[in-house]
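I would like the entire structure built from these sequences, with the hints used as guidance.
There are 2 protein chains.
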Amino acid sequence: MFNKKFEQFEVNETWKSRGRTITESDLVMFSAFSGDWYPLHADKEYAEKCTPFKQRIAHGMLVLSVGTGLLQMEPEVVVAFYGIEKLRFINPTFINDTVHLELEVIDLKDKGNGTGVITFNQKIVKQTGETVVTAILKMLANKEAN
Amino acid sequence: MFNKKFEQFEVNETWKSRGRTITESDLVMFSAFSGDWYPLHADKEYAEKCTPFKQRIAHGMLVLSVGTGLLQMEPEVVVAFYGIEKLRFINPTFINDTVHLELEVIDLKDKGNGTGVITFNQKIVKQTGETVVTAILKMLANKEAN
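As you go down the protein sequences, you meet chains Z and B in turn. Residues 1 to 146 (this note's numbering) make up the first sequence, in order. Residues 1 to 146 (this note's numbering) make up the second sequence, in order.
Keep in mind that the hints are not guaranteed to be accurate.
Repeated chains share a single entry, so a pair holds when one copy, or any two copies, can fit it.
What the hints assert, rightly or not - Below 25 Å or equal to it, Euclidean Cα-Cα: the simulated BS3-like pairs (lysine-lysine) are:
hint : residue 1 : residue 2
1    : Lys-143   : Lys-49
2    : Lys-138   : Lys-54
3    : Lys-4     : Lys-44
4    : Lys-54    : Lys-5
5    : Lys-123   : Lys-86
6    : Lys-4     : Lys-49
7    : Lys-143   : Lys-54
8    : Lys-111   : Lys-86
9    : Lys-111   : Lys-54
10   : Lys-109   : Lys-143
11   : Lys-109   : Lys-123
12   : Lys-109   : Lys-138
13   : Lys-49    : Lys-5
14   : Lys-4     : Lys-111
15   : Lys-109   : Lys-86
16   : Lys-86    : Lys-138
17   : Lys-16    : Lys-5
18   : Lys-123   : Lys-138
It is worth saying that the hints were derived from the structure and are not from the lab.
Right under this line is the structure:
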């Protein structure tokens, strides 16, 4: 989506990413990387016996991080990813779930210095149709002239 | 910090984590894991020649994810990490920077069902004293009785 300049964006426009399956390897890699070995993510026995989900679930940050890899971002366009409002983890992502992004532009603000802020709703959705993560993201993008 | 029950928390209490050095390996692992190979994080030549930082910077989500590994969380306590408000990436984290967490409890809400919501300001701070990430996090925690 971020392969065009600020002027080419429109409020209400939408974009959908390709999908990615969240594997057991992803859970292990993310625990190893982050240091977050919380049993709900890393202990199969505990997750099956002691949690309402009856299985391991992916870390919220894992799903959100995978989301950044599904965004198309070109360096000529994106100046900075500068923040998130109201991030919610609303449903669990299980091993072998396949997630994709659904974006909708909700605000465009010209900064008057060759850049503008694109605000969009991001939903991360899985194959069942359930939304697992919702967030409002803000991206600083270049204008044509810049 | 999350190794005690809801009743034991107090508004204004603070907690500081140990540190972790963000290495070049971390940047590579995070790109490989997330699929985010944006040149600012992954292309040394580009980062040195074409960006105001003159070097690669860590992905915002990398720093935030490392932050989750620095939280102490016990499964008897934490029911769910359910969201973030107002996440801002305010300064860059470079390779070899060492970050730690600084938490302050700002709100406690008893849910009346054996759990309560702990809201806290989280800052991720580096060795220079600069804050790199700010966020308001919400954690659902068990009460003693639960």
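Status of each hint after checking the structure:
| no. | hint | result |
| --- | --- | --- |
| 1 | Lys-143 - Lys-49 | between (54 Å within a copy, 21 Å between copies) |
| 2 | Lys-138 - Lys-54 | between (36 Å within a copy, 24 Å between copies) |
| 3 | Lys-4 - Lys-44 | between (44 Å within a copy, 24 Å between copies) |
| 4 | Lys-54 - Lys-5 | between (46 Å within a copy, 23 Å between copies) |
| 5 | Lys-123 - Lys-86 | both (12 Å within a copy, 17 Å between copies) |
| 6 | Lys-4 - Lys-49 | between (49 Å within a copy, 22 Å between copies) |
| 7 | Lys-143 - Lys-54 | between (49 Å within a copy, 22 Å between copies) |
| 8 | Lys-111 - Lys-86 | both (23 Å within a copy, 20 Å between copies) |
| 9 | Lys-111 - Lys-54 | between (49 Å within a copy, 24 Å between copies) |
| 10 | Lys-109 - Lys-143 | within (11 Å within a copy, 44 Å between copies) |
| 11 | Lys-109 - Lys-123 | within (21 Å within a copy, 27 Å between copies) |
| 12 | Lys-109 - Lys-138 | within (10 Å within a copy, 29 Å between copies) |
| 13 | Lys-49 - Lys-5 | between (51 Å within a copy, 22 Å between copies) |
| 14 | Lys-4 - Lys-111 | within (17 Å within a copy, 46 Å between copies) |
| 15 | Lys-109 - Lys-86 | both (19 Å within a copy, 18 Å between copies) |
| 16 | Lys-86 - Lys-138 | both (12 Å within a copy, 11 Å between copies) |
| 17 | Lys-16 - Lys-5 | within (18 Å within a copy, 41 Å between copies) |
| 18 | Lys-123 - Lys-138 | both (14 Å within a copy, 19 Å between copies) |
The structure is consistent with each of the numbered hints, conforming to all of them.
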